[in-house]
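Student: The residues making up each chain are set out below.
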Amino acid sequence: MDNVVELKNLKVTFVAKQSFLKELLMKEQPLVRAVDGVNVTIKKGEILSLVGESGSGKTTLGKAILNLVDIADGEILFQNQVVNFHHKQEVRRFRQKAQVIFQDPYQSLNPKSLIIDIVAEPLEVNRLIKTEAERNERVMKALHDAGLDPPERYLYRYPYELSGGQRQRVAIASALILNPEFIVADEPVSMLDVSIRTGILKLLVELKESKGLTFLFITHDLSLAWLISDRIAIMYLGKIMEIGESDTVIKQAVHPYTQALLEVMPIPEVNRHRQRKVLSGETPNPTNIPAGCRFHPRCPHAFDRCREEEPVLQAARSNHLAACHLIEKETSQENSHD
Amino acid sequence: MKLLRVENLKTYFHISEGIVKAVDDVSFSLDDGQCLGLVGESGCGKTTTALSINRLLPPEGIIEGGEIYLESVKLTVLSDVEIRKHRWKDVSMVFQGAMNAMNPVMKIGEQIAEAVVWHQQVTHQQAWNRAKELFELVELEPGRIGGYPHEFSGGMKQRAMIAMALACDPKLVIGDEPTTALDVMVQAQILNLLDRLRKTLKMGLIIITHDLSILGETCDRIAVMYAGKIVEIGSTEDVYDRHMHPYTHRLLMGFPNIHRPKLMPEPIPGSPPDLIRPPSGCRFHPRCDYAQEICQEQEPGMTTAGNGHSYACHFGGAFNG
Amino acid sequence: MKRQYLAKKIIQSLVTIFFVLVFNYILFRVMPGNPLAMIMRNPRASQEAIERTRELFGLNQSWVVQFWIYLKHLFTGDLGISFLYRQPVTEIIVARIIPTVLMVGLAQILAIIVGVFLGVISAWKRGSRVDVAALGFSLVTYSMPTFWLGIILIFVFSVSLRWFPTSGMLTPGQSFSSTFAMVRDAARHLVLPVLTLSLVLIGEYTLTMRNTLLDVLTEDYMTTAKAKGFDDNYLIKKHALPNAMLPMITLIAINLGLVIGGTIQVETIFSWPGLGRLMFDALKARDYPLLQGIFLLITLSVIVANLIADVTYGYFDPRVRE
Amino acid sequence: MSSIDGVMRRKKLKRFWNGFKNNRMATTGAVILVFFSVAAVIGPVLFPYNPMEFGTVETILQPPSTTYYLGTDNLGRDIFRNLLSGARISLMVGILATLISMFLGTSIGIMSGYFGKTIDSVLMRVTDFFLVIPWLPLVLVLVAILGSSVWIIILVIGLTSWAGTARVVRSQTLSVKERPFIERARAIGADHSTIMMHHILPNVFPLVFANTILVTAVAIISETTLSFLGLGDPTRPSWGMMLHYAFQSGAASSGAYWFFLPPGLCVVLVVLGFTFLGYAFDEILNPKLRRR
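Chains as they are written, first to last, in full-length UniProt numbering: chain A, 1 to 338; chain B, 1 to 321; chain C, 1 to 322; chain D, 1 to 292.
Keep in mind that the hints were calculated from the coordinates and are not lab data. In this text, all values refer to a predicted model and were calculated from it rather than measured experimentally. Here a beta-carbon is modelled for each residue, glycine too, at the ideal position from N, C-alpha and C. Please note that the accuracy of each hint is not assured.
[Stated by the list, open to error] Covered by chain D, per the in silico footprint, the following chain C stretches (three or more residues, Cβ under 8 Å): (1) 112-123; (2) 177-191; (3) 246-258; (4) 274-288; (5) 302-309.
With these hints in hand, go ahead and build the complete structure from the sequences.
Tutor: The following block contains the structure:
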């Protein structure tokens, strides 16, 4: 199972918007550490979900992989080698293999282009087609793969004439037309109604199975992640807190943050009596990340070590990692008991 | 006496393309201190129903028929001037995108105090103190009432909106997707807050949402809407465990439940109907797997399936067969 | 934090002012048909004016030094001698400032009040007869050259109805018993020019106010305010206007540049003794030192006005913190 | 583009035409402009006019009559013929100057909006400079120095009136640039120029189009004002020049209405035509203002 994407200690930072005068006096500018040292591998043919609240850096990480955002530190290996983004040919080959689906179906298509042009654009931009016939044929196939049948009905229409679900399928068709191997799907269904959403999720899973496509599925909804992905990674303030098989992470969560997310996750059931244990406050501002474990100020089990030393991803059980000192504390207690 | 009674409400939008029958013969009621969840997908008419109560519809939206009673007062016959007295004093609202729902150039404390001064004719200083009390009630730091909306985070803005809604001790608060724009953690905080306030202040609460799964702990009753009509209404237990309408069933299946085995739900084919020329008979028939001849011709009336639980389908529960 | 915004705006204005000084320097020296050569040959320019100008511009030194001399003179207020009037330019200009400020000030105030009022009504009662009328009126006045509007008013009110004098600031050759009588006479002369200038502005302010307000009325916070049960006047006064007035402040400042253009036309037709008329005469006589002086004064005053507008905008809009 | 695409495009144009047809302002504006353009094209051919050919003493300031439909001016020249050839010049100057300022304004607006950072602040300082400088004095001084041939006037008006458009286009570009479909274009490898031409321009163009028409109105007024103040090109008598002579010869006070009324009315009507059209397009294209 070779790796499609490998992130080594990836860091992405932005310069926080800052007053004109301070800028003038070249004062040290506060940095937003959006992605703050992430090590993760995405294997071929799997859907890895990246789950986190707003401000966790999940979208920035997705954009970094696609070179839509500059990296501050660390390395991104695509199919085991670093892509040199200054070399035109190499970038073109990378673009054909790695594609993206955005969240907002109403804004991710150019309102002034016909559907046929939107879907065919990746071909034209990378100069991959010679004749018009070949172009139309590939567009029709991509629309069919995205579940828009009969394709002819959609070719010569404008985005405003389609529903949200249909537009998202056009975006998927446009991503599929280059026969990519890896797709970053950034909250692809969060703006769709439930009845339409499941259709898109089914399509993504089918594409994974039929074409062996690899997905990075970015979402804030833990239950969706559980539904469609093989592995789940929980992200908080720019770092991965926990990563493992989707069932193990949901059923045997180790990290207190994942447990808190599971606790508040809405479930379509009647549980009138249970008053949910809710974390206080909101995700702090990524310009001043707390010392030691970044979750300790809101963590119910925080102890002194959490305040000083930042925990590293370590194995809680086979291929289920978590960045939390509780793991050592428990294993050391077990050793001390025996 | 019921706190709120809505009977055969019809609200249509007159636009250039034609007449949109956004709400077409909707009836439901609410007791004092009770919480009703109004759930449905976009375009089903849930927000229009809420805006019709206070008559906050845009100019092209007109209440064509039906009655709305707030306790003994018949709202639908009141003139524009008369209905203003009931807005916020009896029925107040918490809107969705809190980012834009507050005046960006006016202090938040002022936006709360102005309603108190207007309806309860108190001095500005008294209203300002009232605003401080309300901030404490919604667990916000009273010192911050002098701040402006852009200085508050998403969660804090929503709490401020709730404080604003409670300013005149209303009998009924309507939340239009109050937690949709929030993170799941903050959403839980807000839902807990709404639940606590409803119980302590004994006020009626209507929560409008497209997310059926969040109504589990907060609502006593749930009404499911589709294409301008209520297709099923009942207690939370009725709708979750004993629902009879195929649309409610499909909607519920769409929300993955980690306590149950992992199964990829079937999407509902087709897309929401065009409300200018809605489908004949039962409006869900073009997308329903159990639709038969009669569904196309005859619109199903409300069949009762237990006390307070009724649905609009000729073949209720067909999905259980 | 507001100081940062203020500092930024001041620095930007200083940059623009420097641009203007450089532009002005080039305009009156380096442009083809070099104005200096024109002065030398201009028959009416007295020997003393030519000498003064040569020394003033330091013709023999390098242009950098000339530029430095130019700046030095600017700051000491010495803008050279107008050879049309054979007086220092500064003195001529100072005498003409009051009439122009009076006229422009009155016209602006009148236009803002009427424009905002009309704009609010037509936005609030959109599509009604009032809206259509206000819109029609604004578009017509917006499309009318100022000077032509002036001529029409003269033709109607002065020539035909004889209500107002056709030109000048005071009735020539009339002795006034009291200052009040003089003021009354000046006021009668002022009516038509101010009316002309403000009519043109009212159109633009009404249109902008209407569009900005239509934008604001679609915002969510207006629905929230309406839900609170306030009546229409309160909604407009306390919620819609404060948000709609912000863009108006910037427009009024930027608009000042165009108003000066209007002033030149109005003062020419009504021979109103202000800066506009002065510029027109200087232009006809190709009196460059005077032309340059007026041009500089007008440009700098517009920049200052814009700075004041930016500051007031920053003061009223709490979001302008960072 | 195959025929089907032609059908789609016609369908969209048809929808636009309906919106246009029942918009009273747009139709009145269009009718006025068509009338004047026909007059400007055919007029001088049917009724040639030579500004240098003066009339005799008797023909000076004649009121309208069968021979001189609109009477004669202070030099005995036929006002009606002057009016027709004036139409051609005023429209030409207005339109050409606008093209220059639209081209400059749009490209500067898009570039500073799209690239941001240093390019944006530099271009914006220049734009502010032109916005802040009082327009008429600047043009007066420039024309006074550069000479007042009609081509110089076109250039001067064009080069000094693009700032407003640049500001409007820049803010529209900033809002379009934030939309995800631009990021999608970058993700599939489109370079800056493709994104600007293929994605940003089509989405900015409707606003530019409406703005162009309004700027034409301003350009025509500018030319007329310039000529009125005596800086027009005497060899090419525009309506402004006619008004200049009318005012110089005291037509207003002497009641020679046929001398100063027609050119003024023509200017106002043409400018009104453009303003109505421009404002109507703005209302049709601008979603916020559109009547539901």
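Student: Compare the structure with the hints numbered earlier in the document and write down the numbers of the violated ones, lowest to highest.
Tutor: 1, 2
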